[in-house]
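**Student:** Based on the sequences and whatever the hints tell you, model everything.
Listed below, chain by chain, are the residues.
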Amino acid sequence: MKLYDYILSPSCYKVRLLAALTGTQLTLRPVDFHPGGEHLSPALLALNPAGSIPILEDGELVLTESSAMLVYIAAKAAPEWLGSGDPAESAQIQQWLSFSHRLTASLGGARLVEMLLRPGDLAALQASGVKALRELEAALAVQRMKGDIFLTGSKPTVADIACFPYVALAPDGSIALDPYPSIRLWLRAVRALDGFIEMPGIHRLHELKPEPAKETA
Amino acid sequence: MSDPMIDEWYPVALFSKLDAAGRDTLLMGHPIHVARTGSERVAATEADGRSLPVRIRYGHVWTSLGEPKKELFDIPEADEPGRRLVDVGVVRVRCSPLRAVENFLDIAHFPFVHTDILGAEPHTEVEKYDVEIREKEDEVWATKVKFFQPQAAKSAAGGITTDYMYRVPAPTCSVLYKTCPPRPGEWDVITLFVQPLTEELCDVWPWMALYDDEADMTDLIHFQQMIFLQDRSILENQIPRRLPLDPGMEIPTRADMTSVAYRRWLKRHNYTYGAQLVAQ
Amino acid sequence: MFPNNWCKWTPVALSADVPAGTVIPAWTPTGDVALWRSQSGQLSASSDRCPHRGMRLSHGFVRGEALACIYHGWSYGRDGACLRIPAHPDLQPPASINTRNQITTEREGIVWVVNEAQDEPPPSFDGYWPLRSMTFQASIAALEAAAGAKADISGLIRCTLGGETAFLLAVTKGEAETIVHVLADKNASLAQRIAISQAGEQLRRDAESADALEGAN
Amino acid sequence: MGEADRIISKERIAILGDLGASTFIPWIERHARKLGLKTSFSTIEAHRIEMEIEGPEALIDAMEMGCLLGPIDVWVDEILRSSNARSSISGLHT
Chain A
1 MKLYDYILSP SCYKVRLLAA LTGTQLTLRP VDFHPGGEHL SPALLALNPA
51 GSIPILEDGE LVLTESSAML VYIAAKAAPE WLGSGDPAES AQIQQWLSFS
101 HRLTASLGGA RLVEMLLRPG DLAALQASGV KALRELEAAL AVQRMKGDIF
151 LTGSKPTVAD IACFPYVALA PDGSIALDPY PSIRLWLRAV RALDGFIEMP
201 GIHRLHELKP EPAKETA
Chain B
218 MSDPMIDEWY PVALFSKLDA AGRDTLLMGH PIHVARTGSE RVAATEADGR
268 SLPVRIRYGH VWTSLGEPKK ELFDIPEADE PGRRLVDVGV VRVRCSPLRA
318 VENFLDIAHF PFVHTDILGA EPHTEVEKYD VEIREKEDEV WATKVKFFQP
368 QAAKSAAGGI TTDYMYRVPA PTCSVLYKTC PPRPGEWDVI TLFVQPLTEE
418 LCDVWPWMAL YDDEADMTDL IHFQQMIFLQ DRSILENQIP RRLPLDPGME
468 IPTRADMTSV AYRRWLKRHN YTYGAQLVAQ
Chain C
498 MFPNNWCKWT PVALSADVPA GTVIPAWTPT GDVALWRSQS GQLSASSDRC
548 PHRGMRLSHG FVRGEALACI YHGWSYGRDG ACLRIPAHPD LQPPASINTR
598 NQITTEREGI VWVVNEAQDE PPPSFDGYWP LRSMTFQASI AALEAAAGAK
648 ADISGLIRCT LGGETAFLLA VTKGEAETIV HVLADKNASL AQRIAISQAG
698 EQLRRDAESA DALEGAN
Chain D
715 MGEADRIISK ERIAILGDLG ASTFIPWIER HARKLGLKTS FSTIEAHRIE
765 MEIEGPEALI DAMEMGCLLG PIDVWVDEIL RSSNARSSIS GLHT
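These protein sequence lines are chains A, B, C and D, in that order.
Take the first sequence: its position 73, counted from the start at 1, is 73 in the numbering used here, and no numbers get skipped.
Position in the second sequence (first residue = 1) + 217 = the numbering used here.
Position in the third sequence (first residue = 1) + 497 = the numbering used here.
Position in the fourth sequence (first residue = 1) + 714 = the numbering used here.
Just to be clear, a hint being listed does not mean it is correct.
Stated by the list, open to error - Derived EDC-like pairs (lysine to aspartate or glutamate); straight-line CA-CA distance at most 16 Å:
1. B:Lys287 - B:Glu352
2. C:Lys670 - A:Asp178
3. B:Lys287 - B:Glu354
4. B:Lys353 - B:Glu288
5. B:Lys363 - B:Asp380
6. A:Lys209 - B:Asp333
7. A:Lys131 - A:Asp178
8. B:Lys234 - A:Asp32
9. B:Lys353 - B:Asp291
10. A:Lys131 - C:Asp703
11. C:Lys670 - C:Asp529
12. A:Lys76 - A:Glu57
13. A:Lys155 - A:Glu80
14. B:Lys363 - B:Glu344
15. A:Lys131 - C:Glu705
16. A:Lys131 - C:Glu698
17. C:Lys683 - C:Asp587
18. B:Lys345 - C:Asp587
19. B:Lys361 - B:Glu349
20. B:Lys234 - A:Glu38
21. A:Lys209 - C:Glu562
22. A:Lys209 - B:Glu338
23. A:Lys155 - A:Glu89
24. A:Lys2 - A:Glu60
To be verified - Label pairs and their computed distance ranges (CB to CB):
25. C:Ser512 - A:Ser90: 46 to 54 Å
26. A:Pro79 - B:Gly376: 32 to 40 Å
27. B:Pro399 - A:Ala88: 55 to 63 Å
28. B:Gly402 - A:Leu40: 35 to 43 Å
29. D:Ser796 - C:Ile600: 39 to 47 Å
30. D:Ser796 - B:Gly299: 43 to 51 Å
These are calculated hints, taken from the structure and not from any lab test.
Ideal placement from N, C-alpha and C gives every residue a C-beta, glycine not left out.
**Tutor:** Quick look at the structure:
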């Protein structure tokens, strides 16, 4: 599978992250999104007329929406990431995948304005971002009351991966995560998963490694 | 007393990305407009129409609100044949422009912020190195800096001890020279050009002049963007936002020698835009 | 509301939001703190600023019984004393390099912090179930108006949320910001707790729009 | 060098520069306290301060770093240490 990728794109990172968590091999094709604007080049527009990245190619198949890529990778390599198949759970996963697009538009929009100087109404993007975070926090608080840590249960699914990056990077758009205790624990649970990989802006959980022993002279 | 930083040159645009429509931006709190007026010509103007001096160097457009007493600093390596010049692009950071430079001069954070790339535990020790203020050039230099790195550059395959030299030729610019894995004996040049928007907000324009014939240009850009973006959350969460010129609330150690020299140089020149003068 | 004339302690978080091996940001009237719980379960409230170069310690990590700064890895023990400076691995740092910790204690699932020793412990809310902490962009007056109740002598606002009895521990962070720890009755069922949590969202909307209306007048 | 960080040493330190501000001595004492170092002053003049410092070398280095910058109303030209003839980052005479 070939991923048209940008190191600073949370949407591209979703795909890299799930691939890492499921042991899926990806061939990365870096796209000069910033400053080059290569995603709007004729070659990439031919692949994806929307002019967005990521783009995932697998043989004849071309996918241009990150949620679809997550579903594809999970279905191929690790179906447990699609949940148990219970109808309510499947629907909830779909709901969070849709919700993740609101995170992209709001938190991701604020991040593009604040960090990469793209045009946009920062205050409006931040306000809709806070609204989405509050919704997520409320849902995760209920999950914790039920004894679960992930969005749809005790195990992570593509829903968690779809929502994780833009939430973790909300501070890039000057939206503080301080007021959200349940979001914080959920982010940590995702970061602690076996095989987790980072992207710039998300630091290593150094606590998972023991303190290095003092070298004796 | 007016801040002598007003007479310095600052990067305000990437030349290759600047068109006739140009861009509106801020320089030390003043709105300015920068636009291309010809194939090799650029105009920079203040809001009242006053035109500002312009230089086009190192991939960027430079201007000044004051009257620069010195020409824009020289990077001789930029003209060496065989180097690949890399425009990394701009990243905005909510911090003092001086803090952005200070962080660039720091190696002790590599294992914790650039984990498994520029550093890794247990290789955290900062060995003694030399720092001086070169009087003739009026620049800060740190030399004989060594640090163990798991993946020092895009072209580095495994862990090596990397040699560094740091240079501060202007209050918001730094030039880093580091071991060049494909060409032993040569130095890769990585710069950090910082545009002070306000005292607590800056646009950072990294730029590179590398000996690397192999790597894809986009890979080189992504590598440097990755490194800088790992620093951004640090820079936005240091207290206070401005760079303290009095370390009374801090504890610099020998590993912070370049930081101390940089701050001393700022203090000596009264370069205080973005600085906090009294420790609080 | 807290702190007040008779209680200098501030309720800063719920115990459940700071599990072992984690650090979170918290607010007290005498400054921001990095609230952290060691691997063995001990809580500490360090000043949220590394004495070395000013990085917020709440961005750091907990290893064993120490809190480390994410910037340069300087680590601090439960008494605030510096334990390790990784750039100088052989140096035994002096205890005088210190994060100036506040005093912290837990009672019935609520974490309290105070900056100097008190004769009185913080109040006990035995018989209550701490549900979640929320940040309101609203004044305490707007909160009381939305809740339809004022704080009683113990500092607790008793009100009805989602048809259930709820208790609010309110902390005034600023003129227009209030931190609210929502408690339920200890015997509340899961469904009742979820109802209160969800209704907390409406309470926040009411309080925030009340403040917005006042601002418009 | 790792060894030196563990050894307690006693050094004479001379600070040279424009040191007249009354803020400096209390500043030095405060900074030394923060580093857990013992200091005793033998000379306090407008352009020269001399003191004896006792502690691990890495902390005396840290003391040197702090004092080189110092409070804003003081300018330190250089710091001489008995262990090495002159500080490695001094030498700014303008």
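**Student:** With reference to the structure, classify each hint as holding or not holding.
**Tutor:** Each hint, compared with the structure:
1. Restraint check: the Cα-Cα separation between Lys287 of chain B and Glu352 of chain B comes to about 15 Å, which is no more than 16 Å; the hinted pair holds.
2. For a cut-off of 16 Å, the pair hint linking Lys670 of chain C to Asp178 of chain A stands: about 13 Å separates their Cα positions.
3. Annotation: proposed proximity of Lys287 of chain B to Glu354 of chain B holds, straight-line Cα distance about 11 Å (limit 16 Å).
4. Note on Lys353 of chain B and Glu288 of chain B: the hinted pairing holds, with a Cα-Cα distance of about 15 Å set against a maximum of 16 Å.
5. This hinted pair checks out: Lys363 of chain B and Asp380 of chain B have alpha carbons roughly 5 Å apart, not beyond 16 Å.
6. Between Lys209 of chain A and Asp333 of chain B the CA atoms are separated by roughly 13 Å; this keeps the pair inside 16 Å, and the hint holds.
7. With a C-alpha separation of about 15 Å, the suggested pairing of Lys131 of chain A with Asp178 of chain A holds against the 16 Å cut-off.
8. The straight-line distance between the Cα atoms of Lys234 of chain B and Asp32 of chain A is roughly 13 Å, inside the 16 Å bound, and the hint therefore holds.
9. Restraint check for Lys353 of chain B and Asp291 of chain B: the C-alpha separation of about 14 Å stays at or below 16 Å, so the hint holds.
10. Restraint check for Lys131 of chain A and Asp703 of chain C: the C-alpha separation of about 14 Å stays at or below 16 Å, so the hint holds.
11. For the hint linking Lys670 of chain C to Asp529 of chain C, the alpha-carbon distance of about 11 Å falls within 16 Å, and the restraint holds.
12. As the CA atoms of Lys76 of chain A and Glu57 of chain A are separated by approximately 14 Å, the hinted pair is consistent with the 16 Å bound.
13. A distance of roughly 9 Å separates the Cα atoms of Lys155 of chain A and Glu80 of chain A; the hinted pair therefore holds under the 16 Å criterion.
14. The straight-line distance between the Cα atoms of Lys363 of chain B and Glu344 of chain B is roughly 7 Å, inside the 16 Å bound, and the hint therefore holds.
15. As the CA atoms of Lys131 of chain A and Glu705 of chain C are separated by approximately 13 Å, the hinted pair is consistent with the 16 Å bound.
16. As the CA atoms of Lys131 of chain A and Glu698 of chain C are separated by approximately 11 Å, the hinted pair is consistent with the 16 Å bound.
17. Distance hint between Lys683 of chain C and Asp587 of chain C is unfulfilled; the C-alpha atoms sit about 51 Å from each other, more than 16 Å.
18. The straight-line distance between the Cα atoms of Lys345 of chain B and Asp587 of chain C is roughly 14 Å, inside the 16 Å bound, and the hint therefore holds.
19. Restraint check: the Cα-Cα separation between Lys361 of chain B and Glu349 of chain B comes to about 12 Å, which is no more than 16 Å; the hinted pair holds.
20. In summary, the hint linking Lys234 of chain B to Glu38 of chain A is supported, as the alpha carbons are separated by about 13 Å, within the 16 Å threshold.
21. Our distance criterion of 16 Å between C-alpha atoms is met by Lys209 of chain A and Glu562 of chain C, whose separation comes to about 14 Å.
22. Taking the CA atoms of Lys209 of chain A and Glu338 of chain B, the gap is about 10 Å. The hint holds against a cut of 16 Å.
23. For the hint pairing Lys155 of chain A with Glu89 of chain A, the CA-to-CA distance comes to about 12 Å; that is within 16 Å, so the pair holds.
24. With a CA separation close to 11 Å, the supplied pair Lys2 of chain A and Glu60 of chain A stays within the 16 Å bound.
25. Between Ser512 of chain C and Ser90 of chain A the beta carbons are some 35 Å apart, a value that contradicts the proposed interval 46 to 54 Å.
26. For Pro79 of chain A paired with Gly376 of chain B, a C-beta distance near 38 Å keeps the hint of 32 to 40 Å intact.
27. Taking 55 to 63 Å as the suggested C-beta distance range, the pair Pro399 of chain B and Ala88 of chain A conforms, at roughly 57 Å.
28. The hint said 35 to 43 Å for the Cβ distance between Gly402 of chain B and Leu40 of chain A, and at roughly 41 Å that hint holds.
29. Range check, Ser796 of chain D to Ile600 of chain C: Cβ separation about 43 Å, and the 39 to 47 Å hint holds.
30. With their beta carbons about 49 Å apart, Ser796 of chain D and Gly299 of chain B fall inside the hinted range of 43 to 51 Å.
Checked against the numbered hints above, the structure violates hints 17 and 25; every other hint is satisfied.
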